[in-house]
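Novice: Going down the list, the protein sequences come from chains A and B.
Positions 1 to 513 (the UniProt record's numbering) are the ones given, in order, by the first sequence.
Positions 1 to 716 (the UniProt record's numbering) are the ones given, in order, by the second sequence.
Source of the hints: derived by calculation from the structure; they are not laboratory data.
Source: prediction; values computed, not measured.
Ideal Cβ positions, reconstructed from N, Cα and C, are used throughout, including at glycine.
You may find that some hints are simply not true.
To be verified - Calculated lysine-lysine pairs in the DSS-like style (CA-CA distance at most 30 Å, straight line): (1) LYS385/A with LYS11/B; (2) LYS11/B with LYS373/A; (3) LYS166/A with LYS603/B; (4) LYS641/B with LYS150/A; (5) LYS11/B with LYS638/B; (6) LYS150/A with LYS567/B.
To be verified - A few chain B residues facing chain A, derived, Cβ under 10 Å: (7) ALA332; (8) SER334; (9) THR336; (10) PRO643.
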Amino acid sequence: MSLDLTQLDPKPATANDGGIIKMAILAVGGQGGGVLTDWITSLAEANGYVAQSTSVPGVAQRTGATIYYVEMMPDPGVVPIFSLTPAPGDVDIVVASEIMEAGRAVTRGFVTDDRTHVVASSHRIYAVSEKTVPGDGILASDPVVERVNKAARAFTCLDLQDIAVKRASHISASMFGALAGSGALPFERASFEDTIRASGRGVDASLAAFADAFDASQSAQEPAEDTAPADDTPKRALHVPARQKQAWDALAARLSELPEGAREMGLHGLEKVVDFQDTAYGHEYLDLLTRTAGDDTALARALAKHLANAMCYDDVIKVADHKTRGRRAEGVRRHMGVTETDVIQVTEYMHPRAEEVIGLMPTGVARRVAASKRGTALVERMFAKGRRWRSDRLGPFLLLSTLASLRPVRRRLYRHAQEIAHRDAWLARIERLAKTNPPLAIETANARRLIKGYSDTFERGQTKFDIVMTGIDMVAERDDGAEWARRLVTAATNDVSAEPVEGVVATIRSFAE
Amino acid sequence: MAERSFVSEVKKLDVPAGEVFRGEGILAITKALLESGVGYVGGYQGAPISHLMDVLADAEGLLDSLGVRFEANASEAAATAMLAASVSYPIRGAVTYKSVVGTNVASDALANLASSGVKGGALIILGEDYGEGSSILQERSHAFAMKSQVWLLDPRPNLPSMVQAVHDGFELSEASNTPVMLELRIRACHVTGSFVTRENKRPPLTVREALSDPQRDTSRIVLPPALFHHEQEKVHDRLPRARAFIRDKGLNEVFGPDTADVGIVCQGGMYNGVIRALQRLGLASVTGETDIPIYVLNVTYPLLDDEFLAFCKGKSSVLMVEEGQPNYIEQAFSTTLYKSEAKTRLYGKEYLPEAGEYTGGVLLDGLTGFMRAHAPDMLRDGDRAPNESDPGELPEELTKLIPQRPPGFCTGCPERPVFAAMKLVEEELGTHQITGDIGCHLFSTMPPFNIGGTTMGFGLGPASNGAFDGGGEKRPISVMGDGGFWHNGLTSSIGNAVFNQSEGVVMLVDNYYSAATGGQDILSSRAENPKRSTNNSIEGALKGIGVKWVRSIDRTYDVGRMRDTLKEALTTETTGPKVIVASSECMLNRQRRERPQRNAAIKSGERVAVPRFGVDEATCTGDHACMRLSGCPSLGLKETKDPLRDDPVAHIDESCVGCGNCGEVADAAILCPSFYQVDVIHNPGKLENWWSRLTGRIIARMQTRRSARRIELETA
Ligand code: SF4
């Protein structure tokens, strides 16, 4: 398909640069922006155009944001004077290999609604700043998509990474396909494909990804609502053996004791605790939940979630249980893209600390070991080194299975006692607050999200949780207590150190006194 | 082995005269060198001219056949010193390096070379690393030309002009017995285009032949009394000859109408940008016909007063487009106008920014401002009034919605575990005074590591901790790469530390290459290179220069060992500098080397294990402690959409190369049991296959039995 250039470039006829197509390619280093740029210039030249491309090699190409720039026009007979850099307000086509990079093109002024056609991949490559946040640091892409769409004359936006991966190809191929399908360049599809063929490497996979992206882009001139990959609905299934069907049904029937709005979350929580332990544990969960939350829907919903997480603490048994499951083994193969008959070796990186090992002991013994310096030191020495277990081998598998099989006696182990004590203190606080300050009770339930992980992370979380609880106690009687609690939790989740949350507590203290 | 191979492009360098040559700027430059009968070439890699060195290396066969010597110099100083051959012999020589950092290193040799003067043409091709994409301090090379009196070419950024500049440069150098610098900006080095070739020429006298008939001329040695003559000669003899050559050969160009009220003077490198701005103002055509006269300085030093005054004649205002600061050219031309009592007013930084790159937007604004003030009737109505088309709020809003994306360590980089270990040590022993150097390892200064406070130059990391060499309660740490070590670090940093009995710790990161510049071989590279001596031991050099405490770690991914060794270095009783040599191959290069081999091996039926890492979603709690010790592009986040979870979990995608850092860090930092490594075995042996099936079946049977007896929740 070809496109009339006048339609592409609706500027006043006085502009003497008419006829030059200016194209900026924004990529993340390592994505192969260079390959795409080469293809585009070859494509242009094959169609009787003169083209010039420039790039900035060097450290910018080591995983950072980088820009390639191409200018082209039908051969005027004399050598045209092309620019070496894109200029704000003067770009016809922006190709962005990641959605935030499309946003970056707008911030740099390369996208204007009078002329710029943006072709972008909707997928995300998370920046380091997003990844290192202890909680959820992911920046939303929807607001970016929305604004790029507003800023551009036309916007072709689809998950080009997904298309490329599905065809075992590279995003440069699907970007080339989307560019072709978008109609932003006045060249025929076949000519694009010839360019790929002429380049010689991985041609078949590239052509397949090209074709998929071409087709998808034809229907994606407006940013589609469903830019996310299709299979993103979590697969969640509870497998109940016939023998336990009755017990489960009886348990599930009890969900009706919860306020209506909390039942769905209650079911999720229930499934999780039963998977963690057994149906009796499920009854315990529901007992605690109904007792603490009463008929307060919002509290019941919040608690349904956090109580389940609290009851399913991350102990050695849980880890071993998970690592030895058949479904997990299937998941690993799926993730690696190998079939059941392929030979794989799976190495588990485990490094339990002395605390976790002591937690595995019966309460009485563990208390004694924990109290004696020599006992702890001995355990510490025994577990100073990390374990690397080949879970595909019989020996290590049996070992892990044995650990997992401790599940029935878990309630008698030290870790459980510790967790119960902690959990009950938290529930008691919520129960108290539910009567005097219900919104704060909900936030107290939500604060549970701070406790997660293993070792240092776990300890840091507990420390922060304790600080938050101190803060909550100080605002227990205030109408804006819930708001302060939210502030406390946010301060605690968004930073590794406890400093920010301590700061909030200090503020509270300053006005509490 | 360099990151980019030019083996196929290099074939183009052998085409006969009269053909149309298509390619990148650096290839065109190489071709021009061959056409000009150069006798020897060399340089030091560094963006943006790294690839020029790579092209030369890949073209070595052709160079040999023409009798041209190629030297991969140890530093920019070594490269410039090599041009001494052109002092004594009528042989053309060319070297290349990045500027200004390379020119800084070279300046001792450059000044001496300039004082001696040259017989054979001496050309220094500078990759001007300025503006977007640059990784170095922002200064101009211009000052070097002025201070040492060497000539500076700044050709228009298109292939024919750049090629012509090489030819002109040699001739100018010979006509004035002065070395010449040819400045190419980043994007010009990699601009694509075409030009018509000339015949490659054998040097009339090769360096080999010169050795048979040694020459010396005492008047060229920089010693009194000759050195005083050199200074006089520069201004009274060489400079006038240079000016005459530039004028006679018409190296500078004038475009546009003969008469006009306003005009523009620009550096050659700015020409395309200026034309684009004029195009957008409706004052120039796509092919460069301009309504405003432009005086293009393809030679920015020395300047020709008479040429400039002739251009100014009849013009009331002239705009100087001079990128960078200080504005040497504008100052010089202002003096010229003042002394000649001409009526023309010269403008420059009034309309254009004093500092920073002159990109398209900047030039358009500058030229528009100038035209509005001095020739408004030449503008279209829309351009005359200052009604900028308002970009609206969107750019501003988006700035807050998108993340910064600075460069960082690549997937599987062997330097990542080094800094993960350093961070672990800091968690234990507190923060330290740490200096960085130049190289990939400088990415450590950015998140997630935030390690290192200064960078003073190549191979100067340990030297820049000199003030702290005496030690204190804590020891100072410095980081240096193998590239920096061989460039300058062995003497300036290590020698310095030994001599001064430094108490400091040096982390010497050895990735087998000059990696940041594109993976060129250096002295200690492990690859066998038929043309170069590799495999020279860093440890041997350290011991040779007197370092007593050296620890070599040949697998940086062993985070626990890295951490313990660093701790030992920080606490040992041994006096003198403590040097840890942390060696593992640059992953980019390793993949490039191993992947084809591996694929071939798999194809031919060999047993091959391919490792990759994964994260158990069920055990990952979304704390991201692993990311704070990694930053690997392959280790990202995944939103679980599990209603019971608030935070995204860690996720490793298919680009993981299985370097092992994830598992090692989880182990050394005692993070979590979520990481697992999968080795996919291609072409397993019969026995292995049978055994694996058998264990697989037994394990599966046990799993099925267990899951039949319990309620199990499946989440995926
Ligand atoms: S193991 Fe971890 S650090 Fe190494 S390449 Fe894979 S994801 Fe990156």
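Novice: Next, verify each hint and record whether it holds.
Specialist: Status of each hint after checking the structure:
{"no.": "1", "hint": "LYS385/A with LYS11/B", "result": "violated (56 Å)"}
{"no.": "2", "hint": "LYS11/B with LYS373/A", "result": "violated (74 Å)"}
{"no.": "3", "hint": "LYS166/A with LYS603/B", "result": "holds (22 Å)"}
{"no.": "4", "hint": "LYS641/B with LYS150/A", "result": "holds (29 Å)"}
{"no.": "5", "hint": "LYS11/B with LYS638/B", "result": "violated (47 Å)"}
{"no.": "6", "hint": "LYS150/A with LYS567/B", "result": "violated (55 Å)"}
{"no.": "7", "hint": "ALA332", "result": "violated (26 Å)"}
{"no.": "8", "hint": "SER334", "result": "violated (28 Å)"}
{"no.": "9", "hint": "THR336", "result": "violated (28 Å)"}
{"no.": "10", "hint": "PRO643", "result": "holds (5 Å)"}
Comparing the model with each numbered hint stated earlier shows that hints 1, 2, 5, 6, 7, 8, 9 do not hold.
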